[in-house]
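Okay, here's what each chain looks like letter by letter:
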Amino acid sequence: MVMLLGSLQLGILYGMLALGIYITFRIMNVPDLTAEGSFTLGLALSAVLTIQGHPLLGLAAALPAGAAAGMVTGLLHTKLGIHPILSGILTMSGLYSVNLLAMGNSSNLSLINSTTIFKMASNLLPFLDKDIVKLLVALLFTAACTILLILFFKTHAGLCIRATGDNEAMVRASSIPVDQTKLSALALSNGIIALTGALIAQYQSFADINSGVGILVVGLASVIISEVLLNRRTLSGSLLAVLVGSIIYRFIIALATKYTFLPAYGLKLVSACIVALALALPALKKSLALRTARKEAQAYAAAETNL
Amino acid sequence: MLQLKQICKTFSPKTVNEHKALQQIDLTIHKGDFVTVVGSNGAGKSTLFNVICGNFFPDQGTILLDGKNITWMAEHKRASFIGRVFQDPMRGTAPNLTIEENLALAYSRSKRGPLHFALNKKDTAMFQESLAQYKMGLEDRMKTKVGLLSGGQRQVVTLLMCTLVPPKLLLLDEHTAALDPAASEKIMQITKEIVARHQLTTMMITHNLNAALQTGNRTIMMDSGKLILDISGKEREQLSLQDLLALYSSKSNKAFDNDRMLLT
Ligand SMILES: Nc1ncnc2c1ncn2[C@@H]1O[C@H](COP(=O)(O)OP(=O)(O)OP(=O)(O)O)[C@@H](O)[C@H]1O
Ligand SMILES: [Mg+2]
Chain A
1 MVMLLGSLQL GILYGMLALG IYITFRIMNV PDLTAEGSFT LGLALSAVLT
51 IQGHPLLGLA AALPAGAAAG MVTGLLHTKL GIHPILSGIL TMSGLYSVNL
101 LAMGNSSNLS LINSTTIFKM ASNLLPFLDK DIVKLLVALL FTAACTILLI
151 LFFKTHAGLC IRATGDNEAM VRASSIPVDQ TKLSALALSN GIIALTGALI
201 AQYQSFADIN SGVGILVVGL ASVIISEVLL NRRTLSGSLL AVLVGSIIYR
251 FIIALATKYT FLPAYGLKLV SACIVALALA LPALKKSLAL RTARKEAQAY
301 AAAETNL
Chain B
1001 MLQLKQICKT FSPKTVNEHK ALQQIDLTIH KGDFVTVVGS NGAGKSTLFN
1051 VICGNFFPDQ GTILLDGKNI TWMAEHKRAS FIGRVFQDPM RGTAPNLTIE
1101 ENLALAYSRS KRGPLHFALN KKDTAMFQES LAQYKMGLED RMKTKVGLLS
1151 GGQRQVVTLL MCTLVPPKLL LLDEHTAALD PAASEKIMQI TKEIVARHQL
1201 TTMMITHNLN AALQTGNRTI MMDSGKLILD ISGKEREQLS LQDLLALYSS
1251 KSNKAFDNDR MLLT
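Line by line, the protein sequences are chains A and B. So the first sequence is numbered by our numbering: it starts at 1 and just counts up by one. So the second sequence is numbered by our numbering: it starts at 1001 and just counts up by one.
The set of hints was computed from the structure by calculation and includes no laboratory data. These numbers come from a predicted model, not from an experiment. Fair warning: there could be bad hints in the mix.
[Unchecked claim] DSSO-like, lysine-lysine: derived pairs with alpha carbons at most 27 Å apart:
no.: 1; chain 1: B; residue 1: 1121; chain 2: B; residue 2: 1145
no.: 2; chain 1: B; residue 1: 1251; chain 2: B; residue 2: 1186
no.: 3; chain 1: A; residue 1: 79; chain 2: B; residue 2: 1145
no.: 4; chain 1: A; residue 1: 285; chain 2: B; residue 2: 1226
no.: 5; chain 1: A; residue 1: 154; chain 2: B; residue 2: 1145
no.: 6; chain 1: B; residue 1: 1234; chain 2: B; residue 2: 1251
no.: 7; chain 1: B; residue 1: 1077; chain 2: B; residue 2: 1005
no.: 8; chain 1: B; residue 1: 1031; chain 2: B; residue 2: 1143
no.: 9; chain 1: B; residue 1: 1186; chain 2: A; residue 2: 154
no.: 10; chain 1: A; residue 1: 285; chain 2: A; residue 2: 295
no.: 11; chain 1: B; residue 1: 1143; chain 2: B; residue 2: 1122
no.: 12; chain 1: B; residue 1: 1186; chain 2: B; residue 2: 1226
no.: 13; chain 1: B; residue 1: 1251; chain 2: B; residue 2: 1005
no.: 14; chain 1: B; residue 1: 1005; chain 2: B; residue 2: 1143
no.: 15; chain 1: B; residue 1: 1121; chain 2: A; residue 2: 154
no.: 16; chain 1: B; residue 1: 1005; chain 2: A; residue 2: 154
no.: 17; chain 1: A; residue 1: 154; chain 2: B; residue 2: 1122
no.: 18; chain 1: B; residue 1: 1077; chain 2: B; residue 2: 1168
no.: 19; chain 1: A; residue 1: 119; chain 2: A; residue 2: 130
no.: 20; chain 1: B; residue 1: 1135; chain 2: B; residue 2: 1077
no.: 21; chain 1: B; residue 1: 1234; chain 2: B; residue 2: 1192
no.: 22; chain 1: B; residue 1: 1192; chain 2: B; residue 2: 1168
no.: 23; chain 1: B; residue 1: 1251; chain 2: B; residue 2: 1168
no.: 24; chain 1: A; residue 1: 286; chain 2: B; residue 2: 1234
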């Protein structure tokens, strides 16, 4: 039960991260490594401000900070012509120093003695179990974020972003400035990812400079699990599916650590394998189909000659 | 209306691959002209279109549209008054967006703020009505992803996207060449209808010499980056296919490469 609840909380919180990654990976068609830096940026800002007694400000600050990080990547790519993946790597790398600076040059901070938004909510709702309150807070943020995103992608700006990932030349020919569209998509994605980091810091009452390492793969795994398991036709459906994917991912991880040989440090390897396997699925299916077809053809030919 | 003055474009200048794709092009197109553009492969027809719509800039020369100098204007800015349809049906539409979303994207350019809903009942009804005119059944498939349509259907959607807000200039680059003969015929018919309805100023590249002579009111011919023929009016009406081929050979001192020419 505890495990179930914990996974659900984490799955819902990290669902926001997965939404942010879905925007770059699936809608813009570029995996954006800025995510690893902007996640930690949000986490660091939130931790520092919470320790100073401003947990809400910590959350509020993460969003624009993450968006700014995304813009840096976007500018490197659109204005300076650097490959999009390399742009993300550069920003991520630079953010490491920024994040350390934000955390006052210490590689981890504890918020055990500070009031986080989760503790505030618990105080407001004393009649509810602490874990239930945590779940509600997570649900509140993720639901708001999802609804806003679903609405946003129905607006003109949202449609422009979707079309840019789909057919950039056509967007340009429709008199839409593609550079601005890319910048806003990266800002949106990284803003959401930083907000996730900010919530996670307060959720676990702990911030570590390396929290962002491998976070892109975690997000990708959630996105891909949702695509393999759930059939979705519309973008709104896909966004909701990504949340479910994130929850499923957390359950898989929880089960793997609880019931098997897997030590905690093996998690990243498992995530990477899940993503690699899921991405390889189409190619594997194809070669399997080819092999069966060939076998059948050979069997048929053999039967013919035997006649 | 559209004036090109002394346009030059050289690819890979000062290298062994130097190629003069456009040489001193002077061309004036009047409002309401429907110009067909012919010429052998590599003559520079697409390059001319690329320069007009800002895909790349000329090395030399000026482009005026309605008296305004647009030579250095960014491509996406020009796109608000220059519509373009390519040979490749994949190029003009976003495959993962539905028909109505593609149309809405083209229609809502510069109309409302970015945070307004892209689709509304009134616009969708208008799109549906416009599509219904072409009798391809597309009006009943507004929520279908464009990637699932045939090439011909996609070209109709692209044509409509370019003309929902009538552009000052419509550029068609062999937009029926990738289609089968029946679809090609149909799209050409629809093109004529659209151009006539909005009295659009149009330039159309084609390899079908018959279509070139029968469509529009003026024909220009290009060869090795130069304009070698520009005919309209009576002279054009009386011109036969054979005359056109003869004119080409005499002007360019070579026979028309008819590997891709449709002489029927
Ligand atoms: N971006 C480019 N870089 C280098 N060379 C180019 C470029 N675009 C076109 N060219 C060259 O310029 C010449 C003219 O090309 P263009 O595409 O304008 O021909 P075209 O008349 O449209 O021919 P086609 O009938 O085959 O479409 C060709 O020799 C081509 O190789
Ligand atoms: Mg061409």
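The hints, checked one at a time:
Our distance criterion of 27 Å between C-alpha atoms is met by residue 1121 of chain B and residue 1145 of chain B, whose separation comes to about 19 Å. With a C-alpha separation of about 33 Å, the suggested pair residue 1251 of chain B and residue 1186 of chain B falls outside the 27 Å cut-off, and the hint is violated. For a cut-off of 27 Å, the pair hint linking residue 79 of chain A to residue 1145 of chain B is broken: about 32 Å separates their Cα positions. With a C-alpha separation of about 53 Å, the suggested pair residue 285 of chain A and residue 1226 of chain B falls outside the 27 Å cut-off, and the hint is violated.
Distance restraint check for residue 154 of chain A and residue 1145 of chain B: the Cα-Cα separation of roughly 15 Å lies within the 27 Å cut-off, and the hinted pair is therefore satisfied. For a cut-off of 27 Å, the pair hint linking residue 1234 of chain B to residue 1251 of chain B stands: about 20 Å separates their Cα positions. For the proposed pair residue 1077 of chain B and residue 1005 of chain B, the alpha carbon gap of about 21 Å is at most 27 Å, so the pair holds. Distance hint between residue 1031 of chain B and residue 1143 of chain B is unfulfilled; the C-alpha atoms sit about 37 Å from each other, more than 27 Å.
Of the supplied pair hints, the one linking residue 1186 of chain B and residue 154 of chain A is violated, its CA atoms being roughly 33 Å apart against a limit of 27 Å. Restraint check for residue 285 of chain A and residue 295 of chain A: the C-alpha separation of about 15 Å stays at or below 27 Å, so the hint holds. Between residue 1143 of chain B and residue 1122 of chain B the alpha-carbon distance is near 16 Å, which keeps this suggested pair within the 27 Å criterion. In summary, the hint linking residue 1186 of chain B to residue 1226 of chain B is not supported, as the alpha carbons are separated by about 32 Å, beyond the 27 Å threshold.
Restraint check for residue 1251 of chain B and residue 1005 of chain B: the C-alpha separation of about 22 Å stays at or below 27 Å, so the hint holds. With a C-alpha separation of about 45 Å, the suggested pair residue 1005 of chain B and residue 1143 of chain B falls outside the 27 Å cut-off, and the hint is violated. Annotation: proposed proximity of residue 1121 of chain B to residue 154 of chain A holds, straight-line Cα distance about 14 Å (limit 27 Å). In summary, the hint linking residue 1005 of chain B to residue 154 of chain A is not supported, as the alpha carbons are separated by about 44 Å, beyond the 27 Å threshold.
Between residue 154 of chain A and residue 1122 of chain B the alpha-carbon distance is near 16 Å, which keeps this suggested pair within the 27 Å criterion. For the hint pairing residue 1077 of chain B with residue 1168 of chain B, the CA-to-CA distance comes to about 13 Å; that is within 27 Å, so the pair holds. A C-alpha spacing of about 8 Å is found between residue 119 of chain A and residue 130 of chain A, which places the hinted pair at or below 27 Å, so the restraint holds. For the hint linking residue 1135 of chain B to residue 1077 of chain B, the alpha-carbon distance of about 33 Å lies beyond 27 Å, and the restraint is violated.
Distance check on the hinted pair: residue 1234 of chain B and residue 1192 of chain B sit about 21 Å apart at the alpha-carbon level, within 27 Å; holds. Between residue 1192 of chain B and residue 1168 of chain B the alpha-carbon distance is near 16 Å, which keeps this suggested pair within the 27 Å criterion. Taken as a hint, the residue 1251 of chain B and residue 1168 of chain B pair is broken in the structure, with Cα atoms around 32 Å apart against an allowance of 27 Å. Between residue 286 of chain A and residue 1234 of chain B the CA atoms are separated by roughly 61 Å; this puts the pair beyond 27 Å, and the hint is violated.
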